[in-house]
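For reference, the chains in residue letters:
Number of protein chains: 2
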Amino acid sequence: METDSYPKRLVLIGGGFGNIQLIKRLKNYSSFQITLIDKHNYHTFQPLLYQVASGGLGSDAVAYPYRKIFRNYKNFNFRLAEVQEIDTEKNMLLTNIGPVEYDELVIGTGSETNFYGMENMAKWAMELKSIPQALDLRSNILQEFEEAINTVNMGERKAYLNFVVVGAGPTGVETAGALAEFKKHVLPFDYPELDHNLMQVHLVEAGSRLMPAMSEIASAKTKEFLEELGVKVWLNTAVKDFDGKAITFGDGTALETRTVLWSAGVKGSLISGIKEDAILRKSRYLVDETNKVKGYDNIYAIGDVAAMVTDKTPNGHPGVAQVAIQQGDRLGKNMIARMLGRKQNPFQYNDLGSMATIGRNRAVVDLPFIKFQGRIAWLAWMFIHLMTLVSFRNRVIVFVNWMWNYFTYERSIRLIIRPFTTKTKD
Amino acid sequence: METDSYPKRLVLIGGGFGNIQLIKRLKNYSSFQITLIDKHNYHTFQPLLYQVASGGLGSDAVAYPYRKIFRNYKNFNFRLAEVQEIDTEKNMLLTNIGPVEYDELVIGTGSETNFYGMENMAKWAMELKSIPQALDLRSNILQEFEEAINTVNMGERKAYLNFVVVGAGPTGVETAGALAEFKKHVLPFDYPELDHNLMQVHLVEAGSRLMPAMSEIASAKTKEFLEELGVKVWLNTAVKDFDGKAITFGDGTALETRTVLWSAGVKGSLISGIKEDAILRKSRYLVDETNKVKGYDNIYAIGDVAAMVTDKTPNGHPGVAQVAIQQGDRLGKNMIARMLGRKQNPFQYNDLGSMATIGRNRAVVDLPFIKFQGRIAWLAWMFIHLMTLVSFRNRVIVFVNWMWNYFTYERSIRLIIRPFTTKTKD
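Taken in order, these protein sequences are the chains called A and B.
So for the first sequence, our numbering puts the first residue at 1; every next one is plus one.
So for the second sequence, our numbering puts the first residue at 1; every next one is plus one.
By construction, these hints were calculated from the structure, which means they are not laboratory data.
This one's a predicted model, so the numbers in the text were calculated from it and none came from an experiment.
You may find that some hints are simply not true.
[Stated by the list, open to error] Computed list of chain B residues with no C-beta within reach of chain A, every gap over 10 Å:
| # | residue |
| --- | --- |
| 1 | 31 |
| 2 | 101 |
| 3 | 118 |
| 4 | 129 |
| 5 | 132 |
| 6 | 155 |
| 7 | 208 |
| 8 | 238 |
| 9 | 322 |
| 10 | 412 |
| 11 | 414 |
[Claimed, not checked] List of simulated lysine to aspartate or glutamate pairs, EDC-like, C-alpha gap at most 16 Å:
| # | chain 1 | residue 1 | chain 2 | residue 2 |
| --- | --- | --- | --- | --- |
| 12 | B | 275 | B | 156 |
| 13 | B | 39 | A | 146 |
| 14 | B | 68 | A | 193 |
| 15 | A | 68 | B | 112 |
| 16 | A | 39 | B | 147 |
| 17 | B | 275 | B | 146 |
| 18 | B | 8 | B | 193 |
| 19 | A | 275 | A | 85 |
| 20 | B | 39 | A | 82 |
| 21 | B | 68 | A | 410 |
| 22 | A | 90 | A | 297 |
| 23 | B | 68 | A | 156 |
| 24 | A | 245 | A | 329 |
| 25 | B | 74 | A | 193 |
| 26 | A | 74 | B | 82 |
| 27 | A | 39 | B | 228 |
| 28 | A | 68 | B | 85 |
| 29 | B | 184 | B | 147 |
All C-beta atoms, glycine included, are put in the ideal place defined by N, C-alpha and C.
Working from the sequences, and respecting the hints, build out all of it.
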């Protein structure tokens with residue numbers, strides 16, 4: 001048994017699903033003096049960012065301030081800061097607001113877009129991992145329509161109206177579907193001067209099927225749904241380059257477009273200070289079955305930034321919300337157990353299944369015991385996402401917006417609020 | 001009678017209340033081929049911007065895309081553009097998307113902040129005339145709290161928590177009241193590490209009473225309500241300077257603060273190309289009683305940017321939504337009358353009264369026949385503003401948010417989405 005002294009200064013970096021759950025688990029345990037550090041003052045519900053980007057939801061529907069979430073927690077502190085380095089010798093973080101000391105540290109920084117070294121792509125393609133990026137994508141898409149109207153050159157107009165999504169995981173599939181619905185339900189009415197057939201949505205995937213983490217039937221149905229909506233699906237298609245004007249595929253074919261959403265890969269958001277041999281493939285922290293980072297006694301990593309490599313999970317767990325939530329929960333329980341001198345338990349992932357929505361009445365759901373698609377799947381998707389939102393207020397707002405969008409076929413939040421940009425680094 | 005030929009190319013600059021009403025009035029008249037030009041793609045409901053700034057509403061609640069408002073108008077076009085100059089000889093606008101020709105032009109560019117030549121103030125003070133500015137103000141206010149927590153210097157902490165509003169018209173009064181409610185209902189719970197008494201809201205007015213355009217009783221009640229909420233009201237106080245660190249008053253007193261909202265004056269948003277003698281005090285276009293700009297046959301100005309100087313209105317009309325709406329309405333009727341060879345009527349302002357809200361259950365209302373204050377005034381204020389919102393969707397969203405805020409005492413949309421800035425030019 002370890003010789004611990006309490007109360008402990010427990011510092012958490014990043015307020016994603018994992019650390020949120022961990023904090024909830026530690027509520028009322030004054031033995032843990034929690035400080036959450038994040039560069040935003042709000043939790044982002046990433047699964048719905050694509051709806052912010054496509055004008056179905058406002059940013060306030062999917063973001064919620066940390067201070068409000070943990071308002072009644074006597075052991076909770078929040079600091080708006082960026083962590084620059086971890087000094088593991090001194091048990092101290094170096095941040096832009098000064099040093100922060102910790103007794104124990106939990107890294108929950110999540111993941112960021114991985115461009116796999118493609119510099120042009122990194123420079124020109126849009127991302128969809130944060131609220132500012134979602135607002136940028138929305139503003140850019142809407143400005144492409146306005147630009148298309150302003151040009152008389154038909155080639156240019158087509159280029160403005162080509163939207164390319166790379167990567168057919170949930171973010172890519174859901175964004176492509178939302179864009180296709182925009183073409184169908186909004187464009188003909190609001191942009192009567194544009195031939196809406198000129199708008200083309202392309203979904204490009206290097207692998208042989210969409211939603212590769214789901215079942216074959218889900219992949220097939222996803223493709224069917226997207227094609228029903230008019231999305232051009234490119235399978236087995238590698239992407240070579242994008243220079244802001246045209247995207248080039250592996251076989252040399254080029255497609256003129258101004259807007260590419262890159263959702264083809266992520267990597268853990270690492271912070272310097274952790275030694276190399278605790279990092280798997282320059283991307284994720286190697287952790288043991290209690291989420292402790294390899295080679296450290298008081299540093300944990302959970303969620304997307306952690307790789308729990310075991311015989312059963314040689315590549316760690318998938319980078320999904322459920323893993324983060326369950327790891328945060330388990331870590332919280334183990335911390336309490338340790339404090340009470342009780343036995344800690346290794347993390348066991350309980351795969352609850354996965355789902356994606358392609359559009360109205362079109363979703364795919366894989367549960368451990370059943371797989372289904374279509375309208376029921378869509379209702380299930382909406383229900384689960386509503387329930388997972390972090391606050392009752394956001395559930396109400398999202399619900400009202402969804403009802404509105406359902407009955408009117410609208411995406412009303414078509415506001416170009418942010419200046420035109422190729423992309424936001426965030 | 002003029003010899004007109006139809007259809008006419010009618011170009012409107014700016015989609016504020018006046019031009020919105022004008023377009024509605026001309027619906028279904030194919031004799032008018034309308035092009036609305038605006039630098040935003042959405043109409044802004046300015047009266048509620050202060051609620052966006054104080055976290056009570058999201059930006060999507062008070063903005064609505066023009067293309068959606070006029071979706072079923074066959075004679076309507078929209079162009080997202082900035083007008084650089086009016087070439088009145090060639091009947092042409094020079095814009096950032098190229099030239100736009102007109103047969104008749106309506107300038108409805110509204111007003112912008114007037115700093116009366118105070119360069120420092122223009123550089124450092126915040127404004128509240130647009131959505132981006134409201135989001136900037138919100139982000140800055142919230143960041144001041146975070147900064148205050150991060151400093152151990154008590155003088156600095158007090159400075160971060162001093163919020164100064166200059167100018168006691170509706171924007172100033174309503175923002176000061178909202179900040180005071182934030183101090184009362186949010187700060188003690190969400191920032192327990194801050195002594196919330198350190199937060200001070202100052203409302204500074206050069207004149208001898210608040211809400212100078214309203215009745216004496218409304219002014220007195222406004223002051224009473226604000227002081228009940230803890231706002232420090234400075235009357236007869238001129239402001240001399242603000243350098244980003246401290247605001248200096250006319251008598252030399254200085255107050256340390258990081259955040260000054262300047263709402264002490266506006267001027268018309270002029271566009272170059274209109275000759276000098278049609279401009280009143282470098283600020284507004286002189287118009288006749290049909291809103292035609294002095295010296296031009298085919299150029300009109302309505303709303304805040306127009307000064308209809310008559311014996312009854314030696315300074316033109318007040319810069320309020322009602323004037324713009326009624327002028328847009330009258331101009332539309334007159335355009336139709338002219339087309340039909342009927343008599344045009346001069347504009348007659350029908351003053352429906354004015355109102356302002358200070359906080360929960362605290363508002364002041366002056367109607368032509370009755371003046372009242374308090375809870376009933378507050379309910380009236382909410383009802384009128386809900387009804388004036390441009391779309392049913394936004395009415396629903398604002399209503400849901402208001403109900404939520406009322407029952408929870410919350411201002412949930414406390415999101416720092418935009419990078420810290422001293423101010424946005426917009």
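Status of the hints after comparison with the structure:
no.: 1; hint: 31; result: holds, 19 Å
no.: 2; hint: 101; result: holds, 15 Å
no.: 3; hint: 118; result: holds, 27 Å
no.: 4; hint: 129; result: holds, 14 Å
no.: 5; hint: 132; result: violated, 6 Å
no.: 6; hint: 155; result: holds, 18 Å
no.: 7; hint: 208; result: holds, 39 Å
no.: 8; hint: 238; result: holds, 35 Å
no.: 9; hint: 322; result: holds, 25 Å
no.: 10; hint: 412; result: violated, 5 Å
no.: 11; hint: 414; result: violated, 4 Å
no.: 12; hint: 275/B / 156/B; result: violated, 50 Å
no.: 13; hint: 39/B / 146/A; result: holds, 11 Å
no.: 14; hint: 68/B / 193/A; result: holds, 14 Å
no.: 15; hint: 68/A / 112/B; result: violated, 35 Å
no.: 16; hint: 39/A / 147/B; result: holds, 13 Å
no.: 17; hint: 275/B / 146/B; result: violated, 49 Å
no.: 18; hint: 8/B / 193/B; result: violated, 64 Å
no.: 19; hint: 275/A / 85/A; result: holds, 12 Å
no.: 20; hint: 39/B / 82/A; result: violated, 35 Å
no.: 21; hint: 68/B / 410/A; result: holds, 9 Å
no.: 22; hint: 90/A / 297/A; result: holds, 13 Å
no.: 23; hint: 68/B / 156/A; result: violated, 25 Å
no.: 24; hint: 245/A / 329/A; result: violated, 46 Å
no.: 25; hint: 74/B / 193/A; result: holds, 11 Å
no.: 26; hint: 74/A / 82/B; result: violated, 52 Å
no.: 27; hint: 39/A / 228/B; result: violated, 36 Å
no.: 28; hint: 68/A / 85/B; result: violated, 48 Å
no.: 29; hint: 184/B / 147/B; result: violated, 19 Å
In this structure, the hints that do not hold are numbers 5, 10, 11, 12, 15, 17, 18, 20, 23, 24, 26, 27, 28 and 29, in rising order.
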